[in-house]
Amino acid sequence: MKFAIQVNEGPYTHEASVTALNFVKAALEAGHEIFRVFFYHDGVNNGTRYTTPPQDDINIANSWSALAKEHNMDLVVCVAAAQRRGIVDQGEQERNGKDGNNIAEGFRISGLGQLIEAGIEADRTVVFGD
Amino acid sequence: MSDVKKFCYLNRKAPYGTVYAWESLEVVLIGAAFDQDCSLVFADDGVYQLMKGSDTTGLGIKNFSPTYSALGDYDIKKIYVEKESLEERGLTLDDLQHLVWEDEDEDYAEKDSIMVVTKDELAQVLEEQDVVLSF
Amino acid sequence: MSMLHTVNKSAYERGTLESCVSKAAKGSSVLLIEDGVYSAVKGGAKAGVIEKAMGDVSFYVLGPDVKARGLDEGKLIDGIKVVDYSGFVELTVNNDKVASWL
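Chains as they are written, first to last, in the numbering used here: chain F, 1 to 130; chain Z, 1 to 135; chain L, 1 to 102.
Simulated from the structure, these hints should not be mistaken for laboratory data. Heads up, the beta-carbon is just placed ideally off N, CA and C, and yes, glycines get one too. A hint or two may mislead.
[Said to hold, decoys possible] Each computed DSS-like pair below joins lysine-lysine, with the alpha-carbon atoms no more than 30 Å apart:
(1) L/K81 x L/K42
(2) L/K52 x F/K2
(3) L/K52 x L/K9
(4) Z/K78 x L/K81
(5) Z/K119 x L/K81
(6) L/K9 x Z/K119
(7) L/K26 x Z/K83
(8) L/K46 x F/K2
(9) Z/K83 x L/K75
(10) L/K42 x L/K26
(11) L/K52 x F/K25
(12) Z/K52 x F/K2
(13) Z/K52 x Z/K6
(14) Z/K5 x F/K2
(15) L/K81 x L/K9
[As the list claims (entries may be wrong)] Pair ranges (Cβ atoms, derived):
(16) L/K81 x F/Q55: 30 to 40 Å
(17) Z/E102 x L/G87: 43 to 53 Å
(18) Z/A33 x F/R84: 19 to 29 Å
(19) F/P54 x Z/E104: 51 to 61 Å
Kindly generate the complete structure, drawing on both the sequences and the hints.
Okay, structure coming up:
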């Protein structure tokens, strides 16, 4: 089956991102395909390169990046939500005159249409939030 | 030709206390361009999102409540509001914005978009959906 | 067509479980995840919400979330099935669609 995943919350404050990570891992292990993971609301904060959690705890952002790399998974951060919350890639940095960017590896910034498209293309859509 | 899916936007939170109401509406407006079969559901504190008379000037933040009245222009015709949620909160349909859509098959006659439904009717509406987006 | 509902908050914190169960059609399934697992403890004031609905709706609870919270599986409401993440995935596959009650 093809899955579309929506993650509504950022790392650490809510369990949503970890639940989503574990669900995605289990789905991949069972041979399913993840069409796209779409990060919305504070979920965009999973896409920052700048977290430094304690060494003895999960690094949530890195976990998503690693999963994306290993499985060629599409991780999309919503542009509107990212602009509000300061998650910036090179393109957004240039377009909006910011002095840097902070998007984590494996994530890309795109529009809400990507979420709808994922819902259309996938067999199942699962939302993780608060 | 790809199949049209039934998309349901499940709104259960009050506006302004959190961002979910506004950012959910943004998805609906973008989603309208994809020509899917869209329904909006407002239940629990989500019914507060549709109240009329919102004035955010004292907060200094954007008032997005008028945006609901544009839903008809985006071809959103099915807005389900749970009866029990309204009653629990001492609200009636009169407290909500009057949302309409124009039926081009009937000379652009204005029709009500809001349907007040019981929890049992809402259960059936949900069972008919293909994709449920929650915020 | 059957729906899998997920509930991620405790019934003692929010009305989410009650709201979900009131809209869960006969033959659907409800999976309690994250803090939602607290609602599954036998003898709690909100246990009745689940017990009354069990004839029509199948209830599940996510095992890793139960264990994380130090809850004893033996103390869960009789008839609630404990699943792990692969079971969660199976539930989404075996039902036609998923509604998350946040």
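Next item on the list: List, from low to high, the hint numbers that the structure doesn't satisfy.
Entry: 2, 4, 8, 9, 11 and 12
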